[in-house]
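S.K.: Chains A and B are the protein sequences, given in the same order. Under this note's numbering, the first residue of the first sequence carries the number 13, and numbering increases by one thereafter. Under this note's numbering, the first residue of the second sequence carries the number 8, and numbering increases by one thereafter.
Don't read these hints as lab results, they were simulated from the structure. Take the hints with a grain of salt, since some may be wrong.
List time: in silico DSSO-like cross-link candidates among lysine-lysine, alpha-carbon distance up to 27 Å [what the hints assert, rightly or not]: (1) A:Lys55 x A:Lys43; (2) A:Lys43 x A:Lys124; (3) A:Lys92 x B:Lys167; (4) B:Lys216 x B:Lys167; (5) A:Lys212 x A:Lys124; (6) A:Lys486 x A:Lys424; (7) A:Lys393 x B:Lys25; (8) A:Lys55 x B:Lys216; (9) A:Lys434 x A:Lys57; (10) A:Lys424 x A:Lys412; (11) A:Lys412 x B:Lys25; (12) A:Lys92 x A:Lys57; (13) A:Lys417 x B:Lys167; (14) A:Lys57 x A:Lys47; (15) A:Lys458 x A:Lys424; (16) B:Lys216 x A:Lys212; (17) A:Lys463 x A:Lys486; (18) A:Lys434 x A:Lys393; (19) A:Lys92 x A:Lys296; (20) B:Lys25 x A:Lys189; (21) A:Lys475 x A:Lys486.
The model shown is predicted, which means the values in this text are computed figures rather than measured ones.
Each chain, written out:
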Amino acid sequence: MNQTTRTPQHIDVREFHSRARTAIADPKIRKNFRKAMDGLIVKRKDAFEGWDLEALRELGANIRLRALADLPDLLEQLEKKLTDNGVNVHWAIDGDEACRIIRDICVARNAKTVIKGKSMVTEEMELNHYLADHDIEALESDLGEYIVQLASETPSHIIMPAIHKNTGEISELMYEKTGTDLSNDVEYLTASARQQLREKFMNADVGVSGVNFAVAETGTLCLVENEGNGRMTTTVPPCHIAVTGIEKVVGYLEDVAPLLALLTRSATGQHITTYFNMISGSRKPDELDGPEEVHVVLVDNGRSSIYQDDELLDTLRCIRCGACMNHCPVYTRVGGHTYGTTYPGPIGKILMPHLIGLDEGRHLPSASSLCGACGEVCPVKIPIPDLLVRLRQESVDGDKLNPAKVRGHGAKRNALEALVWKGWSWMHARPGAYRFGTTVASRLRKLQPGKLGGWTRYRTAPKLAARTLHERMKERSQ
Amino acid sequence: MNSRDTILQRLRERSGGKLHRPDCDFSVLERPSSSVAERVEQFQRTIESVHGEVHRCTPESWVAQLAGILSSRGARNLLIPAAHQIGHALRDSGQDDLPELLIYDEPVVSWQAHLFNNVDASITSTRGGIAETGSLILWPTPDEPRLMSLVPPIHVAVLKASELYTTFHEAMRVQNWMSGMPTNALLISGPSKTADIEQTLAYGVHGPKELIVLVIE
């Protein structure tokens, strides 16, 4: 089966605007997303009925902040606990190193087929391409990911990867790639995928999964899922490799209770998912199933850089629920693929610039109306709008007092624009110059250009008033 | 320097200095005390809302009820624990309408295909349940291995009403999970499901299509 050889996609993240125009003009995309997101918004709201949501979010945020404050110690504690329980722990500075570690484990076991549970960090490092290039087949087993892989696409949502497709499209895809009958019966399509994937689980040499929370106290890897493919991936093959970003660690086992309550309700409006799978070791001698070999790959890939800055650090609180995208007016209209990034939507806009650089991701922070919905629904209270503003400043090197830090900063800086703002701030610091300047400007308003670049592409230009505010106030007091 | 040390050093020598460590107030998870009957009711309501099935039984009635449930599904066999009292009770019941009883007593590799293709149902014990989320707590053991609650299309779980907790947080604290976790621990809250095709719910995508809970009162 050659369905797993996904052609490497060289998406230019900078082409955001042209992709956005295409997506907005496609009624099918808009309908698929609108319908799904509207449903998720209502379900989330219902799921928090009866909760003191603000207190719960406060707790979630504090648990994540506390874990980040202790991060290096917790990582060492996690490593020790896991090692004591027979788990091999690996550290990867970037995605390439993580891919190499996973390949080496596969090669050492002479493994040819890998079955995967859902993992965004492996999307981030394009593990499937890498393994395919080294003659190792990697098959996604989450139904949504499986569909997306059959279509040689990438996920359009971090929780619901195939949300951009409707049943008819999926039926045609499965008919074409796997030989199932054409049918709009979701039960039939699901049962067919179950059959196809059960064979794969039995024959896979290695299972690769993500991690939702890693508990340092007990050395426990927690996986949240509904389908059971995560349990299959982590139980059936003789070797399990769990891949996680270094920020996913929490200090105490009891920390997962409120985080789980927040995660599933925020993500899909469920009180809990079907399975909450806690793994704390490899198979013991008297146990009859489960992998004999378990590995954990701790991936940095830019996270330790984000960690350096007090404000940007908040990005690392994220528990990957996707609520910010579900509530984002931009995401709902342009869909997940428009961003051209592993993580789309608001969280992608604040995370991706760190992973790919602000030059490559220059349009991401400004692909927002700053309406604030993402920050209001975030279960761990990440101030996403503030971080968007910060990254906008960084993209134009706009804050003299706080020098920009993110790789590729200043990519959007424009000399003319910078000069205009420089004059603006000079004038605002000098009352005389301000009065003189505004008076002159109001007298010369007829000379104002009708077109103001991007601003007037979809709007009319604002017109200067005939008299300044100072003049009008003076008239009024007379 | 290897990657491990590089990463740890970068984190330790953070340019922003040491981070504030906030206090965490867990009181938002506390619930008013409730009776066993209230917890059973809440558990039943919640798990039924996600397609789980609950049968209220007594220590005397559950075997006969189970036999009825399985025969209505046409289950040809039932995978049971060998050592747990559930297994003993079933083998010694003399209930003649039970399907063939199977035991998981060898490493999975020796009978994987049979387990995946021919086992219709399984029954396991639980370490209690959670009323608020309609969850079962399972700690697989050599007697009840991990795949027992995952591979067969019907999973029957036995839950003692007296072992129902109100919240997950309460359950892990009372059972003192912090002192050590098993190879695998699970919360199971309904049958396997997906909504990945146009948000339409479908059951049994990878795991059991049916989850049947026998609550022993």
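S.K.: Evaluate each hint against the coordinates.
M.R.: Hints and how they fare:
For the proposed pair lysine 55 (chain A) and lysine 43 (chain A), the alpha carbon gap of about 18 Å is at most 27 Å, so the pair holds. Proposed proximity of lysine 43 (chain A) and lysine 124 (chain A) is contradicted: the alpha carbons are some 40 Å apart, above 27 Å. Of the supplied pair hints, the one linking lysine 92 (chain A) and lysine 167 (chain B) is violated, its CA atoms being roughly 36 Å apart against a limit of 27 Å. Annotation: proposed proximity of lysine 216 (chain B) to lysine 167 (chain B) holds, straight-line Cα distance about 23 Å (limit 27 Å).
Simply put, lysine 212 (chain A) and lysine 124 (chain A) have alpha-carbon atoms about 12 Å apart, close enough for the 27 Å limit, and the pair holds. Only pairs whose Cα atoms come within 27 Å are accepted, and lysine 486 (chain A) paired with lysine 424 (chain A) is rejected, the gap being roughly 41 Å. At roughly 21 Å between alpha-carbon atoms, lysine 393 (chain A) and lysine 25 (chain B) fall within 27 Å of each other, so this suggested pair holds. Our distance criterion of 27 Å between C-alpha atoms is met by lysine 55 (chain A) and lysine 216 (chain B), whose separation comes to about 23 Å.
For the proposed pair lysine 434 (chain A) and lysine 57 (chain A), the alpha carbon gap of about 45 Å is over 27 Å, so the pair is violated. A threshold of 27 Å between alpha carbons decides the hint, and for lysine 424 (chain A) with lysine 412 (chain A) the separation of about 16 Å falls inside it, so the pair holds. A hinted pair counts as satisfied when its Cα atoms are at most 27 Å apart, and lysine 412 (chain A) with lysine 25 (chain B) qualifies at roughly 24 Å. A hinted pair counts as satisfied when its Cα atoms are at most 27 Å apart, and lysine 92 (chain A) with lysine 57 (chain A) does not qualify at roughly 40 Å.
Proximity of lysine 417 (chain A) to lysine 167 (chain B) is assessed by CA-CA distance (about 57 Å); at most 27 Å being required, the pair is judged violated. Distance restraint check for lysine 57 (chain A) and lysine 47 (chain A): the Cα-Cα separation of roughly 16 Å lies within the 27 Å cut-off, and the hinted pair is therefore satisfied. Annotation: proposed proximity of lysine 458 (chain A) to lysine 424 (chain A) is violated, straight-line Cα distance about 31 Å (limit 27 Å). For the hint pairing lysine 216 (chain B) with lysine 212 (chain A), the CA-to-CA distance comes to about 19 Å; that is within 27 Å, so the pair holds.
For the proposed pair lysine 463 (chain A) and lysine 486 (chain A), the alpha carbon gap of about 32 Å is over 27 Å, so the pair is violated. Taking the CA atoms of lysine 434 (chain A) and lysine 393 (chain A), the gap is near 34 Å; set against the 27 Å cutoff, the hint is violated. At most 27 Å may separate the alpha-carbon atoms for a hinted pair to count; lysine 92 (chain A) and lysine 296 (chain A) meet this at roughly 18 Å. Restraint check for lysine 25 (chain B) and lysine 189 (chain A): the C-alpha separation of about 54 Å exceeds 27 Å, so the hint is violated.
For the hint pairing lysine 475 (chain A) with lysine 486 (chain A), the CA-to-CA distance comes to about 22 Å; that is within 27 Å, so the pair holds.
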